[in-house]
Structure formats: structure tokens, C-alpha cells
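Residue numbers (the working numbering), protein chains in the order written: chain S, 135 to 490; chain G, 135 to 490.
Hints listed in this document are in silico derivations from the structure and should not be mistaken for laboratory results. Small disclaimer: the values here were computed from a predicted structure and weren't measured. Hints are supplied without guarantee of correctness; some may be wrong.
Each pair may be met inside one copy or between any two copies, as identical chains are not told apart.
Listed next, the in silico SDA-like pairs over lysine to any residue satisfying Cα-Cα at most 25 Å (straight line) [what the hints assert, rightly or not]:
| id | residue 1 | residue 2 |
| --- | --- | --- |
| 1 | LYS216 | CYS470 |
| 2 | LYS394 | ASP441 |
| 3 | LYS394 | ASP141 |
| 4 | LYS216 | LEU144 |
| 5 | LYS394 | ARG197 |
| 6 | LYS394 | PRO183 |
| 7 | LYS156 | GLU371 |
| 8 | LYS156 | LEU360 |
2 protein chains.
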Amino acid sequence: MPNLRRDPILDRWVIIAEDRAKRPRAFTSRENFAQIDPDEAEQACPFCPGNEHETPPEAFALRDHAAEPNAPGWSVRVVPNKYPALVRESVASLAGETDVLRSLANAPPMPAERSVYDSAPAIGVHDVIIDTPRHVTTVGELTAEEFALSLAAIRLRLQALAGETGINHALVFKNVGTAAGATLDHLHSQLMAAGTVFPLVAGEICGAANFYETHGECLFCRMIQLERINGSRVVAESAAFIAFCPFASRFAYEMWILPKLHASRFESMALENLADLASLARSAIAKIERLFQPPAYNLVFHTSPFDSAAIEHYHWHIEVFPRVTIPAGFEWGSGCAVNPVSPETAAARLREIDAH
Amino acid sequence: MPNLRRDPILDRWVIIAEDRAKRPRAFTSRENFAQIDPDEAEQACPFCPGNEHETPPEAFALRDHAAEPNAPGWSVRVVPNKYPALVRESVASLAGETDVLRSLANAPPMPAERSVYDSAPAIGVHDVIIDTPRHVTTVGELTAEEFALSLAAIRLRLQALAGETGINHALVFKNVGTAAGATLDHLHSQLMAAGTVFPLVAGEICGAANFYETHGECLFCRMIQLERINGSRVVAESAAFIAFCPFASRFAYEMWILPKLHASRFESMALENLADLASLARSAIAKIERLFQPPAYNLVFHTSPFDSAAIEHYHWHIEVFPRVTIPAGFEWGSGCAVNPVSPETAAARLREIDAH
């Protein structure tokens, strides 16, 4: 059972999820003395049609009406993560006694420790969203139609979770390439949802609320306006969306994609905008894929918590982090990023690349 | 010229340092269309004796009194980083007009943008500390005596910087292995110093001050006491130091090394403790090296700012982050770490490994 632990110094929560060490390619260096499950090492792609039994039973799928669940015939398939970092409360409370004891042994605040150490079961949802039955490995290999379908599935999944008791926020993300933390090649997203807002999004909402209070407008709307006037950091624009490299990019070639009109939650997006978003995002990401071989990037959806009505100060967006440099001791030890490519240089190069 | 940029949403500063893209192995993926400087690609190790001219002139060295500076005969050598992320104010103000104009072009808050975007020259010090003239690549390959000399050099360097105007904090760190961000094999540390306290250390000092206010004792001293009672997370102990895997470890096999008696700054450490620290740290780190091949880890010194007298609530320490899993979209997008190895499991395995 994964558990949450609070860092007593920084008041920062960490998820300890030992089952995740069992994933194929969980470690990037060869682990000495490790036992490798031979079944895992040799398994075929668990996300390809025909191998549906290799994943936990699906939570949801876009599929041919005639087709059976957990069998071929799907376009997008959503399954629980086999190695979850967050588990549903029902699973947590149903865990066998042995599991509970083992979990307590691993999360051992003893009476004397309780003023310092704090832990809790890691309750939530951890899904995998398989974008396409085709064994492709990058967003650029999807057709715009396939990407739109995958975004539609994410939208539906978020709408369903919004109604669940105990769930208040979801983070959807995609790891593409080994250097970006992908342990399975077949293109997929993950969705993690919990009762509290994830720290970075909570920080963004707080910063944006401060700006709104002072200036009476959405900070993201203001940034979009400034970026369109300045132009030097803009990568691409469509009718309803804009992609630019943010002024204080943490990563080389970092790129954000935002709706040009104010909107605080992804899942409320009008269906007619899905194709526009899929087309713009796909071609902007394909530019990043053309820049580095092999491609390695993360894609993250930042959207409002479920409990807030549409809010005036927060603006949903997608952040793309190419993983072509390695944050090292300075970054991890200081909390300050060093980026060797300015967003102006990055955007100029990305604009030049022809990718459709 | 590197510049600092403020993220308007998260109020987080980022260093944009374009010269760092020129480093050999600056990018982990093959950059398409990139121009590679053939001299850089083929150069011999710039940190080995005989190649002293390959680095900027040394700032400081522990060397044979008879030997000339910038020539063989040294034990530990400190040189300015050739690709700095922070530059001295004198360098910044002496930069040619073209440089300044280029820097402005890259950091372009226009009048309309000033309420949103903020930037400043990245002023400070960025040194490289070459641990040994021998071309070794890991801490475990050093003798305890060599590591003690290298720690002594860091101590002297911090003492010197403490007296410099405009410098208030230093972060010393080591990147070992390509997966940990090392771009040169020859073992070395880096030192970055600036006028303000780096965010993560500022956060630690703030959290520790809160605990001190409530409980009247140093949080780190309390943690050491609890860890010694519990024992399950302790890796090793010497007369004056302890190494343990912290309760809320962010990384698999993360390990901290602290003085057992309260001390807020590394550079005030009694000389007679250097050998003890070097011996304990070297063998504890060698355990991590034995666990994964090839070794990849960062080592970070967290110590008090220079302007504070010895403080009761902060406790200097060394953090070691093995880089054997890759923080992916969830970690970068949520600000929350997922660690697949509990510190209890990690410490138990590290205790078993015999490394001297």
C-alpha cells in the first residue's frame, strides 16, 4: 500500500510507493542483487490490442458499441495503473491484515516520533489512458484525429471523477521516452487524482489569485496578451489556442499551450474546440520531437480543482517539458532551475521547424 | 551573460544561462541541427594535471609550496566554472556593450510587461573544485585522506567567500555519473554562491525556525535522536556523524549525513572532525555506488547563510540523492515526489553492503 509521508522540515508530502519498484525498467541503472521477474521481463506490450488481460480490467473505453470490454475494438482505453502510487479508499480499507501490518511497519511513526513524523495512506486514483490501439511511441505519430479522441477520453474521465466523493483534483500527464521516465513505450497518459490539490497547481492558483486581487484580471490572460504583442516566445497559434515558451522556462524548449479565451477547467472545454487543440498541440509537440533524437518529454495538464466553480483567476493549460538536459545537484539542492536555452532562442528554433 | 527570471505565477526564479548549452554533453539527446565545436568534442580531461590551461586560472589550490599556480603539483584545485550560471558583479559590469545588448534582447521586459515579467543579471560565484589530480570518477574511489583534503578545501573556500561583499550563501554540490548530470567524468564538486539564500535552504531554515519556536529545540537534533532510537533508517554512525535515510525521502536510497552535535555551518567545523566525516561519508556513499551500476548520484551541502551568526535552529548536513529513477510528468507537474523504495528498505539494504 502506498503511503504519504510529510517532510517535517519543508512540510512537503512524498508518496512512498514500493510496488512501483516492481515495474519493468523502474530503475535506470542496473540494480545489483535485484530479483527480476522473468515473466515481466519478457512480456509483450500490455497496451496493444489482444493483450487486454495484461492490464487490470478497464475503467472506461471509447470503443465500438458491438465490442466487449477488455477485448480489442477500442480507440482509447482507460485502465487502473498496475503499480499505483495512489489507491482508492475502498482498496485501502479492504487490504488484508498482512498488508496493513506491512504498511504500518513501513510507516512507523512511534509515539515519540509523532511530533516530527506524519504519514497517511495514499488515497486517490491512478489511471492509465492508452491513446490509441496502434503501437506508436510519441504524440507526433498520432493523427490529429487520434489525439482529439484521446483528449476527449481525458475530458470524459475528468468529468466522471469530478462527481466522486473524496476526489478534488486530478493531474493528467504523459511521459514520452525513457529519459522522461516512460517505462512502457506504447503511447499513454496517466491520471492521478486525490482529495487535495497537488502542490504546484495549488501554488499556481495562489499566485494567480494574488495577481487577480491586485490587477483585476487573470494573470494567464495577461501573459497571453503580452506574448502575442511581443511575439518572440510564440511557437504557434490557432483559432482558439496559443503555444509559447514561457518567460521563466525551467527546461530547455519548455512550451505551454493555453486556450486564448479564459477557461479555468480543461473538462469544461467545448467539444468543438477539441480538434483545434489536438491539431495545434500535436504539431507543436512534433516540432520538439524533430529537435532531439530520441524524443523525451513530459506533458502535464494543469486544471482547476473540482470543488471550485469556474474561476476568474486560474486558466487551464498544458505544459510540455523536453527532457534533454538533466537537472543536477544544483537544481535538486537549491530548488532553483538552470536553463541553458532562453525561451526566445527556443521559440525561434521551434518556429523554424516544419512539422505537420 | 546569465540572467535571472522570475516566474510571475509561482514567484520562482530561474537562471537562464545560454553559455551552458556549449558544454560538452550539455544535452542528453542528440540535438539535430546543432553545431558541435570539434575542439570541445576531442579535448583531453581538462581536470587532469598537465591540462591546467584548459580551465580558467585557478582561484585557489591546495598544493606543494614549491609548485607554481596553474601547473601540476596540486592536491585539490578550485577554478572558476568555464560555463558559469552565476557571474561576479565585476564581470557583469565589465561585459562589453554587445554582450549587454544581447543580454537585454534575451531578457526583454518591455514597459507593458513589467508588471508581469521581471529579470536581473545572475550575479554570484560559480566555482569547480577538483577533488584530486587522479582521474577517478566516484567518491568511493577516493581514499579517505583525499576526501578529507577535498572537504578541507571546500571549508577554506566557504570561509573566504563568507567575507565577500554581496555574497550571502553558498551551495556546494557534486554530480557523479551522467544520469546525475555530470558532463565531465573527473570527480569534482561545484560551488555556487549568491547574495540571497537558495530557495530550498531558505525553506528548510524557515521550517526549522517554526519547529524551534514551538518545541524549543533544533528539529535536526530531534530527528537524529529519533533516528538513533528507532534505528531502522540508520545507515552508519561514527564518533561525530550519522548517516540515515530520511523519513520522507524523495529519492530511492536518499541518504543524509549530519554532525551529531548541533552545528549550523559546515565551514565552522573543527578541523579534527574532517577525517571522521570523510571516512564515514566516503564509506556510506560507496555503499550506494555498490548498489547500482553505473553509479549516479548528487551530493549537496546544506549550510547556513553567511550573514547569520551560528544559529540554534538550523543544522548543516549533506544530502545524497541517488539518480536511479527518473522523476517524470507527475513529479515535475505536481511538485510531489514518488519514491519506490521506502527509507526503511533502503537503509536495511545499505547497512548490509560491505564497503570500505
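Here is how each hint holds up against the structure:
1. LYS216 / CYS470: between (34 Å within a copy, 20 Å between copies)
2. LYS394 / ASP441: For LYS394 and ASP441, only the intra-copy Cα distance (24 Å) is at most 25 Å; the inter-copy one is 46 Å.
3. LYS394 / ASP141: between (38 Å within a copy, 20 Å between copies)
4. LYS216 / LEU144: Neither way: LYS216 and LEU144 sit 31 Å apart in one copy and 33 Å across, limit 25 Å.
5. LYS394 / ARG197: neither (32 Å within a copy, 61 Å between copies)
6. LYS394 / PRO183: neither (37 Å within a copy, 57 Å between copies)
7. LYS156 / GLU371: neither (42 Å within a copy, 31 Å between copies)
8. LYS156 / LEU360: neither (47 Å within a copy, 30 Å between copies)
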